[in-house]
Amino acid sequence: MAEEVLRMQGITKIYPNGFMANKDVTFGIGANEIHALVGENGAGKTTLMKILFGMEDCQQGSIFINGKEERIANPLDAIAKGVGMVHQHFMLLPSLSVAENVTLGVEPMKNGLFDYEAAVKNTQEIADKYNFKVDATAKVSTLSVGQMQKVEILKALIKGAKILILDEPTAVLTPQETEELFEQLFNLRDSGVSVIFISHKLEEVMRICSKVTVLRHGECMGTYDTKDLDETKISRLMVGRDVVLKIEKEDPKPKEAILEIRNLKRFNSFGKAVIDGVTFTVHSGEVVGIAGVEGNGQSELSEVLAGLSDFASGDVILNGKSIKGLSVRQIRDKGMAYIAEDRMVEGVAGDMSIEMNIMADRFSKKNYKKNGMFVDARKIRKETQQLIKDFEISCDGPEQPVRMLSGGNIQKVVVAREFTSGANFILANQPTRGIDVGTAEMIRKTIVRKSREEGTCTVLISADLNEVLECSDRLLVMRKGKVVAAFPKANEVSEDTLGEYMLGIREMTPEQMEGLL
Amino acid sequence: MSIDIVAFLADAIKMATPLVFAALAALMTRQAGMFNMGVEGMILCSALGAVTGAHYLGGVWAGVLCGILTGVVTGLIIAFAHLTGKTDLYLTCIAFNLAATGGTVFIMYLLTGEKSTTSGAFRSYQIPNINIPILKDIPVLGRILSGQSLLTYIAVLSVWFVWFLLKRTRVGLRIRSVGENPKAAESVGISVTKIGYISFLLCGLFAGLSGTFLSMSWVTFFMKNMVNGRGYIGLSAQNMANGSPIGSALVSLLFGATTSLATTMKSQSNFPTEFLEMIPYLATIIAIVITSIYSINKKRRIERGGK
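The listed protein sequences correspond, in order, to chains Y and R. Residues in the first sequence are numbered consecutively from 1, following our numbering. Residues in the second sequence are numbered consecutively from 1, following our numbering.
The following block holds chain Y by itself, in its conformation from the complex:
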């Protein structure tokens, strides 16, 4: 094995909220190596790299650079020790030129003034050295995303980086730009820079990396030579269920269509399609799961369905009426309930009481009013106490601020409101993320029970494979803003198969999905 330039030994990272992001992770990379770090979202790749780059502390473990143990206090320290990082979200200044961005912090000076010519010259020199085709005088805002990424790489190189971390560099690139990036990475490798390549695009990993380290749920699944692996094997190492969860449920008896999504499209502020022609229907009495690697349009779809954002074209029909142009309130009145992805941002008002949060959607309804004008406080208090009991929210009482509760109990407040709002369409986006097992089980069972007993239709968006596979009846997979696979029975899909569709190794044709959307 080539000489080791970096070794991370026994890294353990626990976030203040108790989430263990990395658990005794050990891996090393050699000189002149492109080393892949793969894993699902939330597997701990980014955390591990943030520790290496000095952006996060770790509880245990040590870092060795060129065989010498180093403590990395902050990103500046990391840069000084030869580590450079290209973030997923660029740290660029769009209104400035390429040269200004690249030399910021290490500006060349002449006669006490910023020497722009020298900045351009230095930038161009280093760009030419590694064969980066980029104009040092161009304004960053006029560049394509691919070129912006080159600027980020140049920023690291000009400060003398010998270990370069690329966090999902190809996620934002076109195929041609990806090719170009790979050429440059080979150049860098050959001139002595070690590259850590974070990705979940397996074909890319197989093509350019010599070694792969796989993370799953914060644990290291080992480091392998890519020549000993194939995409299916990596996918199996990456995607897996630790504990297999079973939910007993009868077969669904879908009745009339409640939610119809027709050729829905939405663009982001860069004009890129984030929802790209999605079509599917959800019927009364069934749960439709949406799986996918995060960032493939699920959040955007959820925002559109909840009425939090507009869409460009297509249509969404809820209970026979289009939701186009309706306010969130109007959509809720048409029968939508929404368990938001981030409960603290959209699910609850943290500083307000449990009662206020549970009743937030119904204060204005007629049957909670007295004399047609005033809120019926007694009735509200009585119902809140009943819901606290029904949903087993452990708290001091209805007046306690929601922020004081544990994550699981906060989510119980959310579902106590959403499950009892009388809606026949439930949109559940990551309903059990980061909460205790007991509450998660209650939420999942309630979703299934409501669909069977009350005939609600549910769209369940989740990154938790257990959850989508076990709770859902039908299962759809989203990738790059499109539905790429559809399965009639979620609990008969194996996680390996699912992983292959999520990661883009396979894709179904519209004919194969016909009748399943």
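Do not take every clue at face value.
[Unchecked claim] So, partial list: chain R residues that the calculated Cβ filter (under 7 Å) puts toward chain Y:
| hint | residue |
| --- | --- |
| 1 | Asp11 |
| 2 | Ser177 |
| 3 | Asn181 |
| 4 | Ala184 |
| 5 | Val188 |
| 6 | Gly189 |
| 7 | Thr193 |
| 8 | Ile302 |
| 9 | Arg304 |
[As the list claims (entries may be wrong)] Cut-off 20 Å, straight-line C-alpha distance, at most; resulting in silico cross-link-like pairs (EDC-like, lysine to aspartate or glutamate):
| hint | chain 1 | residue 1 | chain 2 | residue 2 |
| --- | --- | --- | --- | --- |
| 10 | Y | Lys265 | R | Glu180 |
| 11 | R | Lys167 | Y | Glu107 |
| 12 | Y | Lys334 | Y | Glu454 |
| 13 | Y | Lys253 | Y | Asp276 |
| 14 | Y | Lys81 | R | Glu186 |
| 15 | Y | Lys159 | R | Glu186 |
| 16 | Y | Lys272 | R | Glu303 |
| 17 | Y | Lys246 | Y | Asp436 |
| 18 | R | Lys167 | Y | Glu117 |
| 19 | Y | Lys482 | R | Glu303 |
| 20 | R | Lys298 | Y | Asp310 |
| 21 | R | Lys183 | Y | Asp57 |
| 22 | Y | Lys249 | Y | Asp464 |
| 23 | R | Lys136 | R | Glu303 |
| 24 | R | Lys299 | Y | Asp310 |
| 25 | Y | Lys321 | Y | Glu260 |
| 26 | Y | Lys489 | Y | Glu250 |
| 27 | Y | Lys482 | Y | Asp310 |
| 28 | Y | Lys324 | R | Glu303 |
| 29 | Y | Lys480 | R | Glu303 |
| 30 | R | Lys183 | Y | Asp167 |
| 31 | R | Lys194 | Y | Glu107 |
| 32 | Y | Lys334 | Y | Asp315 |
| 33 | R | Lys183 | Y | Asp77 |
| 34 | Y | Lys445 | Y | Glu492 |
| 35 | Y | Lys139 | R | Asp4 |
| 36 | Y | Lys389 | Y | Asp436 |
| 37 | Y | Lys201 | Y | Asp496 |
| 38 | Y | Lys445 | Y | Asp390 |
| 39 | R | Lys183 | Y | Glu56 |
| 40 | R | Lys183 | Y | Asp115 |
Hints are computed from structural coordinates only; laboratory data are not their basis. All C-beta atoms, glycine included, are put in the ideal place defined by N, C-alpha and C.
Mind docking chain R on chain Y? Use the hints.
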């Protein structure tokens, strides 16, 4: 009714001078990412500082220096509260402006026993007007451009200075980087706090000049609440020009013209004075709404999948 166009334009330039300084002051902190409403109060304090300095030290230039110094000190007070004390910038600025409104009257009363103006108690000093050779002999243009206050010409130079500072010096580059993306700046080792102080210092310099112009050139005394919203107008001028020094100056000139228009019409017509005095502020609101609609529409077009 007859309007002397030449006099109107000359007046417009004069009225624009304090606005240009105010806009540059606001621009300096905006470039570092801070929307500094305190400019209004800083200008007011400087106006009082200038006449007080001139009176007690007995000279125009001492007055100018005191005006600038007051601007810088008040700027640093806000900077300290916001950057070191981590207070909310908007609340700090509102509190500061209110304190400045009352505080200037209080200090004036302590020094002169007057509550509305220093004109009787303090000796008047006026910053000289400058006749520019050659230019002054050109018909029309000479009457418009020559014979303005020295500070008006300094305002023109300041626009260039700010442009040069931002574009050609290291500190300018760093100010812009902090304003655009503090995280990116911090990630390459730039101290966001230090840059914040520097930008407030420069902001104080221009606020000081704006106040000095008002109390030593526009008139030659300090009076209660004499800034009258010019700080806010300067703030919106640089906002509309998107932080460009030259653009801010041009927008300020436009606002100067509306102020001048109001003054001219006051003497020429029997329109209600109160309505005419509203013109500069109304023009500001209309201009802000138009620029904002334009940028929102542009964003919306992209999200709808257009070009």
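How the hints compare with the structure:
Because the closest C-beta pair between Asp11 of chain R and chain Y is about 36 Å apart, greater than 7 Å, the hint is violated. Proximity of Ser177 of chain R to chain Y holds as hinted, the smallest CB-CB distance being about 5 Å (cut-off 7 Å). For Asn181 of chain R, the interface hint holds, the least distance from its beta-carbon to any beta-carbon of chain Y being 6 Å, beneath 7 Å. Against a cut-off of 7 Å between C-beta atoms, the interface hint on Ala184 of chain R holds, since the closest Cβ of chain Y lies about 4 Å away.
For Val188 of chain R, the interface hint holds, the least distance from its beta-carbon to any beta-carbon of chain Y being 3 Å, beneath 7 Å. Annotation: Gly189 of chain R was flagged as interfacial toward chain Y, and the flag holds, the nearest CB pair being 5 Å apart, inside 7 Å. Proximity of Thr193 of chain R to chain Y is violated relative to the hint, the smallest CB-CB distance being about 15 Å (cut-off 7 Å). Against a cut-off of 7 Å between C-beta atoms, the interface hint on Ile302 of chain R holds, since the closest Cβ of chain Y lies about 5 Å away.
Against a cut-off of 7 Å between C-beta atoms, the interface hint on Arg304 of chain R holds, since the closest Cβ of chain Y lies about 5 Å away. Taking the CA atoms of Lys265 of chain Y and Glu180 of chain R, the gap is near 31 Å; set against the 20 Å cutoff, the hint is violated. Taking the CA atoms of Lys167 of chain R and Glu107 of chain Y, the gap is about 13 Å. The hint holds against a cut of 20 Å. Annotation: proposed proximity of Lys334 of chain Y to Glu454 of chain Y holds, straight-line Cα distance about 17 Å (limit 20 Å).
Between the alpha carbons of Lys253 of chain Y and Asp276 of chain Y the distance comes to roughly 30 Å, so the proposed pair goes past 20 Å and is violated. Under the criterion of a C-alpha separation no larger than 20 Å, the hint pairing Lys81 of chain Y with Glu186 of chain R is consistent with the structure, at around 17 Å. Taking the CA atoms of Lys159 of chain Y and Glu186 of chain R, the gap is near 15 Å; set against the 20 Å cutoff, the hint holds. With a C-alpha separation of about 8 Å, the suggested pair Lys272 of chain Y and Glu303 of chain R falls inside the 20 Å cut-off, and the hint holds.
Between Lys246 of chain Y and Asp436 of chain Y the CA atoms are separated by roughly 17 Å; this keeps the pair inside 20 Å, and the hint holds. The hinted pair formed by Lys167 of chain R and Glu117 of chain Y meets the criterion: a straight-line CA distance of about 13 Å does not exceed 20 Å. Annotation: proposed proximity of Lys482 of chain Y to Glu303 of chain R holds, straight-line Cα distance about 18 Å (limit 20 Å). About 16 Å separates the Cα atoms of Lys298 of chain R and Asp310 of chain Y, which keeps this hinted pair within 20 Å; it holds.
A C-alpha spacing of about 18 Å is found between Lys183 of chain R and Asp57 of chain Y, which places the hinted pair at or below 20 Å, so the restraint holds. At most 20 Å may separate the alpha-carbon atoms for a hinted pair to count; Lys249 of chain Y and Asp464 of chain Y meet this at roughly 19 Å. For the given pair, Lys136 of chain R sits about 54 Å from Glu303 of chain R by alpha-carbon distance, which is inconsistent with the 20 Å threshold. Restraint check: the Cα-Cα separation between Lys299 of chain R and Asp310 of chain Y comes to about 13 Å, which is no more than 20 Å; the hinted pair holds.
A hinted pair counts as satisfied when its Cα atoms are at most 20 Å apart, and Lys321 of chain Y with Glu260 of chain Y qualifies at roughly 10 Å. Only pairs whose Cα atoms come within 20 Å are accepted, and Lys489 of chain Y paired with Glu250 of chain Y is accepted, the gap being roughly 12 Å. Restraint check for Lys482 of chain Y and Asp310 of chain Y: the C-alpha separation of about 18 Å stays at or below 20 Å, so the hint holds. Taken as a hint, the Lys324 of chain Y and Glu303 of chain R pair is honoured in the structure, with Cα atoms around 15 Å apart against an allowance of 20 Å.
Taking the CA atoms of Lys480 of chain Y and Glu303 of chain R, the gap is near 17 Å; set against the 20 Å cutoff, the hint holds. With a C-alpha separation of about 17 Å, the suggested pairing of Lys183 of chain R with Asp167 of chain Y holds against the 20 Å cut-off. Distance restraint check for Lys194 of chain R and Glu107 of chain Y: the Cα-Cα separation of roughly 17 Å lies within the 20 Å cut-off, and the hinted pair is therefore satisfied. With a CA separation close to 16 Å, the supplied pair Lys334 of chain Y and Asp315 of chain Y stays within the 20 Å bound.
Taking the CA atoms of Lys183 of chain R and Asp77 of chain Y, the gap is near 16 Å; set against the 20 Å cutoff, the hint holds. This hinted pair checks out: Lys445 of chain Y and Glu492 of chain Y have alpha carbons roughly 19 Å apart, not beyond 20 Å. Using a Cα cut-off of 20 Å, the hinted pair Lys139 of chain Y and Asp4 of chain R is violated, with the two alpha carbons roughly 46 Å apart. As the CA atoms of Lys389 of chain Y and Asp436 of chain Y are separated by approximately 18 Å, the hinted pair is consistent with the 20 Å bound.
Proposed proximity of Lys201 of chain Y and Asp496 of chain Y is supported: the alpha carbons are some 15 Å apart, at most 20 Å. For the proposed pair Lys445 of chain Y and Asp390 of chain Y, the alpha carbon gap of about 14 Å is at most 20 Å, so the pair holds. As the CA atoms of Lys183 of chain R and Glu56 of chain Y are separated by approximately 15 Å, the hinted pair is consistent with the 20 Å bound. This hinted pair does not check out: Lys183 of chain R and Asp115 of chain Y have alpha carbons roughly 24 Å apart, beyond 20 Å.
Hints 1, 7, 10, 13, 23, 35, 40 from the list above are not met by this structure, while the remaining hints are.
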